[in-house]
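Engineer: Here is what each chain is made of, one letter per residue.
Number of protein chains: 2
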Amino acid sequence: MRIENMIQPRLLKGFRDALPNEAYVREQIIVRLKQSLSSFGFVPIDTPVLEYTEVLLGKGGGETDKQVYRFQDHGNRDVSMRFDLTVPLARFVAQHEHELSFPFRRYHMEKVWRGENTQKGRYREFIQSDFDIVGDDSSQSDFEILLLMKTALEEIGVDNFSIQFNHRGILNELLKQLELGQYEVEILRLIDKLGKIGREKVKDELTELIGARTEAIIQFIDVEGTNLEILSELEKLVPQAEEPISRVRSILSLLQAMDIEDTFSINTSITRGLDYYTGIVFETFLPDLPEYGSVCSGGRYNNLAGLYTKTPIPGVGAAIGLDRLIAALNEKGLLKDLKPGAELAVFALDPEYAAEYQKIADTLRKSGVKTEVLPMGKKMQWYFKQAEKKSISHAIICGANEFSSQTYQLKNLINRETSEYKDLQELSQVVLQELR
Amino acid sequence: MRIENMIQPRLLKGFRDALPNEAYVREQIIVRLKQSLSSFGFVPIDTPVLEYTEVLLGKGGGETDKQVYRFQDHGNRDVSMRFDLTVPLARFVAQHEHELSFPFRRYHMEKVWRGENTQKGRYREFIQSDFDIVGDDSSQSDFEILLLMKTALEEIGVDNFSIQFNHRGILNELLKQLELGQYEVEILRLIDKLGKIGREKVKDELTELIGARTEAIIQFIDVEGTNLEILSELEKLVPQAEEPISRVRSILSLLQAMDIEDTFSINTSITRGLDYYTGIVFETFLPDLPEYGSVCSGGRYNNLAGLYTKTPIPGVGAAIGLDRLIAALNEKGLLKDLKPGAELAVFALDPEYAAEYQKIADTLRKSGVKTEVLPMGKKMQWYFKQAEKKSISHAIICGANEFSSQTYQLKNLINRETSEYKDLQELSQVVLQELR
Chain A
572 MRIENMIQPR LLKGFRDALP NEAYVREQII VRLKQSLSSF GFVPIDTPVL EYTEVLLGKG
632 GGETDKQVYR FQDHGNRDVS MRFDLTVPLA RFVAQHEHEL SFPFRRYHME KVWRGENTQK
692 GRYREFIQSD FDIVGDDSSQ SDFEILLLMK TALEEIGVDN FSIQFNHRGI LNELLKQLEL
752 GQYEVEILRL IDKLGKIGRE KVKDELTELI GARTEAIIQF IDVEGTNLEI LSELEKLVPQ
812 AEEPISRVRS ILSLLQAMDI EDTFSINTSI TRGLDYYTGI VFETFLPDLP EYGSVCSGGR
872 YNNLAGLYTK TPIPGVGAAI GLDRLIAALN EKGLLKDLKP GAELAVFALD PEYAAEYQKI
932 ADTLRKSGVK TEVLPMGKKM QWYFKQAEKK SISHAIICGA NEFSSQTYQL KNLINRETSE
992 YKDLQELSQV VLQELR
Chain B
572 MRIENMIQPR LLKGFRDALP NEAYVREQII VRLKQSLSSF GFVPIDTPVL EYTEVLLGKG
632 GGETDKQVYR FQDHGNRDVS MRFDLTVPLA RFVAQHEHEL SFPFRRYHME KVWRGENTQK
692 GRYREFIQSD FDIVGDDSSQ SDFEILLLMK TALEEIGVDN FSIQFNHRGI LNELLKQLEL
752 GQYEVEILRL IDKLGKIGRE KVKDELTELI GARTEAIIQF IDVEGTNLEI LSELEKLVPQ
812 AEEPISRVRS ILSLLQAMDI EDTFSINTSI TRGLDYYTGI VFETFLPDLP EYGSVCSGGR
872 YNNLAGLYTK TPIPGVGAAI GLDRLIAALN EKGLLKDLKP GAELAVFALD PEYAAEYQKI
932 ADTLRKSGVK TEVLPMGKKM QWYFKQAEKK SISHAIICGA NEFSSQTYQL KNLINRETSE
992 YKDLQELSQV VLQELR
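Taken in order, these protein sequences are the chains called A and B.
Oh and the first sequence: position 107 is 678 in the numbering used here, straight run, nothing missing.
Oh and the second sequence: position 251 is 822 in the numbering used here, straight run, nothing missing.
Please keep in mind that the hints were generated in silico from the structure rather than gathered at the bench.
Treat the hints with care, since some could be wrong.
Note that the list lumps identical chains together, so a pair holds whenever it fits in one copy or between two copies.
With a cut-off of at most 25 angstroms between alpha-carbon atoms, the simulated DSS-like pairs for lysine-lysine come out as follows [what the hints assert, rightly or not]:
1. Lys-907 x Lys-950
2. Lys-584 x Lys-956
3. Lys-584 x Lys-630
4. Lys-937 x Lys-721
5. Lys-721 x Lys-930
6. Lys-910 x Lys-584
7. Lys-747 x Lys-910
8. Lys-774 x Lys-807
9. Lys-881 x Lys-630
10. Lys-960 x Lys-881
11. Lys-903 x Lys-881
12. Lys-807 x Lys-747
13. Lys-630 x Lys-993
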């Protein structure tokens, strides 16, 4: 290859490589999430990255549409890369309605693409991790998603989090009561900005929009207390919201019965903005790291697949913000144990014993120790450096002497202690004990 | 949503959804592959789906290029979706050369896209599963990839397979010897068609191309016997190929020392066609299901990243044909145990006990039984049907009577046997035993 033909290895703006440490952490977190989801009977699905643009975007053309990676394929079809996993789920459920059994509990954790502005740690390629219960409208499913959020976050090691929830129906009833129905969109949008612009600014903008009735909205989003106190207060403030309040009460009583109410707080200012939610909505915050915002959010919708089928398909689901969550766990030092690669290195000092080194490695792997045979015939110092570079904690050092006396020298590369073993099984047990 | 605005839920030609069974099998097979790879110290990486077209295709324009999904992005950049994981690996290694430590053992199992002709079970979106040892030119690495192929295929339950290997260098020396160097490409292409068009047709086409010298080529690809016999024969036929033959001998002696030579056969007709391999090449066949062709292939290359860096980067690697392998395992009935979803259903017969059903499920999940609480307050027959639809094998059936006597009724839905337990832990142990 002539140098003048060389191409600079580089990435598109907004796209990233994952080096092994990062890729491994992501992989392991996803494995754990899937384990939690499986334990609740959730099943995976997969859908294509490319679909007909019409199927993904509908016939309209909203704000998101401009961010979509859209082009003509080889057959001049108008195609797009998926920008979320919810639209593909809707299409999937409509298309396979008769092959699925409902309530359908599915998860889907894959990449999506949006040609967004790349400022502030936003990427154009990122992983969505969604789980939903589709085809069921019960408070039992609402509760199950909340319980699953708690279970999954604990499973991946998040040690302090607060799941805050609300019911869209209560605010809707309040707006009706105040004859503010026609301002619903603007009011939702404003309340959603609470965290960003602050209470006073929201109040000012509301007042500009709806005048004196602002007071009642502010009173509503200000309601505080224990979950039960909040519900009593809401019953007084929005007497027409009997149905949504009673739904929240059912969910709460299940949380209480399971003795996990502490993790969950009703928060009347949570609306999930302009999303398509119609029932409960929720967000998850890290009290130690509020700057990360919500790491897991979602809610209930009453018509998932209206674009594709006449069958009304209700559901409830959540999405974990994987990148954000991993960044937060990293900041708290909770991912230190997730290290990819070998745990033990075999120093293949003497080419004479090539096969012996491989046999040692084979035995150790079969005992559960991740083992790498380092290249053959290097100097002792090279091996130590190589093991250090790869953050390998243990080494087996064997040359002619050891093989003739049939002993294996094990070196803990962290505390620098050396020990000798006649039996590889015994040696591997020691390594496993020191590792876990 | 008005019906006239509805959109038909459909997929692009050559693209597929994976329903839960299929998605789960794929997920579990990948988990097992990654476990095997991890045990050898391999680490994951990730690269973007979209890259600069120039980076993926170079400055030329070959046959593959026409199949690439290529378009202008929002910033009018010429971008393409990756069509394999080897080019991204080359770019990745060149770009992160100083952040990686070599030999670099990496795996990458993700989707790639090719706008190919969709006949004969070929899809335009499919998963590549690659693993390579990069930055090392030793026979030890060649051996390790072969051993890993065997380990990984066994780990995912393939019960009968044959790994056949060869060394490109031997054929190259033969061609030199016959003064056929300038026909290398055509000859490789013809030998590669052996499986498809048969020996006689290859012979005819070779004769047309190179006349009488065909005999020597045919004699070469016809060499048979034990691995050692083949090597002796090759030493006679191609005396100049001392170096590649001695490399194959080293690999073979490691396979013998590990007592796994039976799985591996030298096959002089394996060339991997026009691929960029320069050393050993290999393919994996299923003797029971020859029609599936090779399910795992690869080889050694001497210059992975020549397009992006002056550093010559050798390596050796393999790719598993996941779709083909899964189809073959399915045909052999070896995937029956990989069933997604709940193993046990809680029949939530009486809404009075909503919280109790959830507590039962929680205990079972914590004991390791995948548990789903079915919707509340249905008729008994509905629950049985629902559990059957979902292929759930066990159920806990509890109503007012059971709760008042504090017993749990467990029903094995396959053999229809019912038993009663006072203790949920005991019950879950019984379920786990019956499941495994």
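Engineer: So which of the earlier hints does this model not fit?
Structural biologist: 1, 2, 6, 7, 11 and 13
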